[in-house]
Amino acid sequence: MNLAGIPGVNMSQESLVEIRDLNFTYDSRPVLTGINMTIPRGKVVAVMGISGCGKTTTLRLIGGQLKPTSGEVRVGGQVVHELDSDGLYALRRRMGMLFQFGALFTDMSVFDNIAFQMREHTDLPETMIRDLVLMKLHAVGLRGAHDLMPAELSGGMARRVALARAIALDPMLIMYDEPFAGLDPISLSIVGELIRKLTDALGASSIVVTHDVQESLKIVDYVYFVSEGKIVAEGTADEMKHSTVPYVHQFIWGEADGPVPFQYPARPYGEELMERAARRG
Amino acid sequence: MDNGLTRALQGLGRQVNSRIWRLGFASRFFLAIMLHSGTSLRRIHLTIREIYFTGVLSLIIIMVSGLFVGMVLGLQGYDTLARYGSTEALGVLVALSLVRELGPVVSALLFASRAGSAITAEIGMMKATEQLSAMEMMAVDPIARVVAPRFWGGVIAMPLLAALFSAMGVFGGYLIGVQLIGVDEGSFWAQMQASVDFRQDILNGVIKSFVFGIIVSWVAVFEGYDAVPTAEGVSGATTRTVVTSSLAILAADFILTAFMFTGT
Chain A
1 MNLAGIPGVN
11 MSQESLVEIR
21 DLNFTYDSRP
31 VLTGINMTIP
41 RGKVVAVMGI
51 SGCGKTTTLR
61 LIGGQLKPTS
71 GEVRVGGQVV
81 HELDSDGLYA
91 LRRRMGMLFQ
101 FGALFTDMSV
111 FDNIAFQMRE
121 HTDLPETMIR
131 DLVLMKLHAV
141 GLRGAHDLMP
151 AELSGGMARR
161 VALARAIALD
171 PMLIMYDEPF
181 AGLDPISLSI
191 VGELIRKLTD
201 ALGASSIVVT
211 HDVQESLKIV
221 DYVYFVSEGK
231 IVAEGTADEM
241 KHSTVPYVHQ
251 FIWGEADGPV
261 PFQYPARPYG
271 EELMERAARR
281 G
Chain B
1 MDNGLTRALQ
11 GLGRQVNSRI
21 WRLGFASRFF
31 LAIMLHSGTS
41 LRRIHLTIRE
51 IYFTGVLSLI
61 IIMVSGLFVG
71 MVLGLQGYDT
81 LARYGSTEAL
91 GVLVALSLVR
101 ELGPVVSALL
111 FASRAGSAIT
121 AEIGMMKATE
131 QLSAMEMMAV
141 DPIARVVAPR
151 FWGGVIAMPL
161 LAALFSAMGV
171 FGGYLIGVQL
181 IGVDEGSFWA
191 QMQASVDFRQ
201 DILNGVIKSF
211 VFGIIVSWVA
221 VFEGYDAVPT
231 AEGVSGATTR
241 TVVTSSLAIL
251 AADFILTAFM
261 FTGT
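Chains A and B, in that order, are what the protein sequence lines are. Following the numbering used here, the numbering of the first sequence begins with 1 at its first residue and continues without gaps. Following the numbering used here, the numbering of the second sequence begins with 1 at its first residue and continues without gaps.
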């Protein structure tokens with residue numbers, strides 16, 4: 001299966017993000033190995049895998065916060081790691097990112113958080129900024145909360161404000177780092193629905209890094225499964241649900257043991273006990 | 001034994017090596033702040049906000065400490081001068097001690113504990129909660145938007161606080177010396193006026209406090225930006241700000257004093 005199989009996507013359609021033969025090593029430890037991904041315009045693509053498998057690193061490489069050891073990431077046709085800082089900042093103005101716990105600026109109100117980028121990057125008059133901010137907040141259902149400070153928001157509300165901030169400048173690419181982590185079921189489904197609706201309304205592309213299977217499979221067009229820094233499976237949500245790849249099966253059905261072992265690698269327990277007994281005499 | 005000695009030497013080498021690396025990072029960081037200062041100073045409201053947080057909110061501790069230090073100087077100075085029958089020189093002793101040394105040094109130490117630690121904790125927490133990363137992803141440079149205004153806020157606030165500390169100290173010395181003990185008021189002020197030189201004493205004191213302002217602000221923003229993004233990391237960085245900047249203030253004070261006042 002490849003992206004040509006997604007309804008509404010054909011291979012002639014220009015893809016927004018292309019990752020080719022990407023390798024990333026940190027402290028001589030390989031984090032990502034031979035990653036190839038394509039994110040088409042207007043689609044929601046999920047990158048799934050257990051914690052620490054390299055999902056967030058992939059987002060940071062796309063955003064240019066890290067440089068690949070080899071290979072390349074192209075966004076809108078530009079090789080990200082070859083851009084100078086002005087070029088990188090120009091590219092980032094067309095991206096939005098939702099961080100795992102929102103990363104709202106705690107010294108600013110909800111309103112100022114969303115107005116932040118507009119004030120930094122545009123010369124719009126304050127009256128227009130006000131209209132735009134309230135429009136973004138209305139889209140996430142929190143127009144009435146514009147005067148609150150981040151400390152006064154619940155986890156779900158903070159995530160929605162962060163989402164409104166991520167779309168403040170109508171980006172072409174929105175990246176979500178664990179958008180469902182730590183949310184109650186109602187907030188979970190609100191955030192999931194918003195990701196889908198906002199992507200469609202803005203005509204943007206979305207990359208959702210997550211390990212929440214149920215919620216993300218409802219909204220995504222395509223899924224990449226990453227394990228130990230490599231893509232082990234990819235396909236549409238339906239294909240993944242019926243996948244026979246052992247890793248995918250264990251992940252989707254939440255099995256305690258399988259290719260991802262329950263035990264952290266260690267010597268056999270029996271051997272260790274015997275050795276301890278022998279030492280005691 | 002040999003192994004133990006080798007390990008100890010290796011450990012020492014590693015420590016020295018990592019300190020030198022850190023000093024290099026801090027120097028590059030200082031250069032980055034200088035490069036981005038134009039942008040942040042053009043948006044002066046950001047710096048004014050930091051002057052409020054680091055300067056205005058430190059006023060109470062600086063003024064109260066200055067008053068008490070001046071009062072103690074009044075008591076101790078009178079006791080010492082009385083032995084030589086020159087108690088009318090109390091005003092000179094209090095003023096010179098304050099404007100040359102105690103004003104810049106003690107206010108810088110207080111500033112490091114009160115404002116320096118707050119700057120480190122704030123920037124460290126912003127890093128731990130990914131606010132700095134979020135800013136970068138919004139194409140806003142955190143060094144220009146967060147670090148440079150805090151640095152310049154500290155550098156501008158420090159000499160002003162030192163001046164207020166000295167002024168409160170002189171007032172404290174006056175309260176004790178003149179109002180409580182009964183030193184002649186005319187001699188107290190006249191001798192002070194005659195003996196305190198603007199360039200040699202006051203200006204050098206201002207230069208000292210300006211240098212201390214750079215040291216405290218630089219250490220504070222660097223430690224915050226370089227903090228390990230965990231609760232423990234931020235707490236360690238805050239402690240390092242107070243310890244490093246206090247030691248650096250005392251060392252710099254010795255060097256500056258050696259250049260400014262030797263042979264006068």
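Don't take every hint at face value.
[Claimed, not checked] Below, a sample of chain B positions facing chain A; criterion: calculated Cβ distance under 8 angstroms:
no., residue
1, Asn17
2, Glu101
3, Gln131
4, Ser133
5, Ala134
6, Asp226
[Claimed, not checked] The calculated lysine to any residue pairs, modelled on SDA-like cross-linking and capped at a C-alpha distance of 25 angstroms, are:
no., chain 1, residue 1, chain 2, residue 2
7, A, Lys67, B, Ser18
8, A, Lys67, B, Pro142
9, A, Lys67, B, Arg145
10, A, Lys218, A, Ala139
11, A, Lys67, B, Phe254
12, A, Lys67, B, Ala32
13, A, Lys67, B, Phe261
Calculated from the structure, these hints are not laboratory results. The beta-carbon is built from N, C-alpha and C at its ideal position, and this holds for glycine as well.
Results of checking the hints against the structure:
1. Asn17: Nearest chain A Cβ about 17 angstroms off; hint violated.
2. Glu101: At about 36 angstroms, which exceeds the 8 angstroms cut-off, the nearest Cβ of chain A leaves the hint on B/Glu101 violated.
3. Gln131: holds, 5 angstroms
4. Ser133: holds, 7 angstroms
5. Ala134: holds, 4 angstroms
6. Asp226: violated, 17 angstroms
7. A/Lys67 to B/Ser18: The given pair, whose Cα atoms are some 24 angstroms apart, holds under the 25 angstroms limit.
8. A/Lys67 to B/Pro142: holds, 19 angstroms
9. A/Lys67 to B/Arg145: holds, 23 angstroms
10. A/Lys218 to A/Ala139: With Cα atoms ~20 angstroms apart, A/Lys218 and A/Ala139 stay inside 25 angstroms; holds.
11. A/Lys67 to B/Phe254: violated, 45 angstroms
12. A/Lys67 to B/Ala32: Measuring from Cα to Cα gives roughly 20 angstroms; hence the hint holds.
13. A/Lys67 to B/Phe261: It is violated: about 52 angstroms lies between the C-alpha atoms, which goes past 25 angstroms.
When held up to the earlier numbered hints, the structure conflicts with 1, 2, 6, 11, 13 and fits the remainder.
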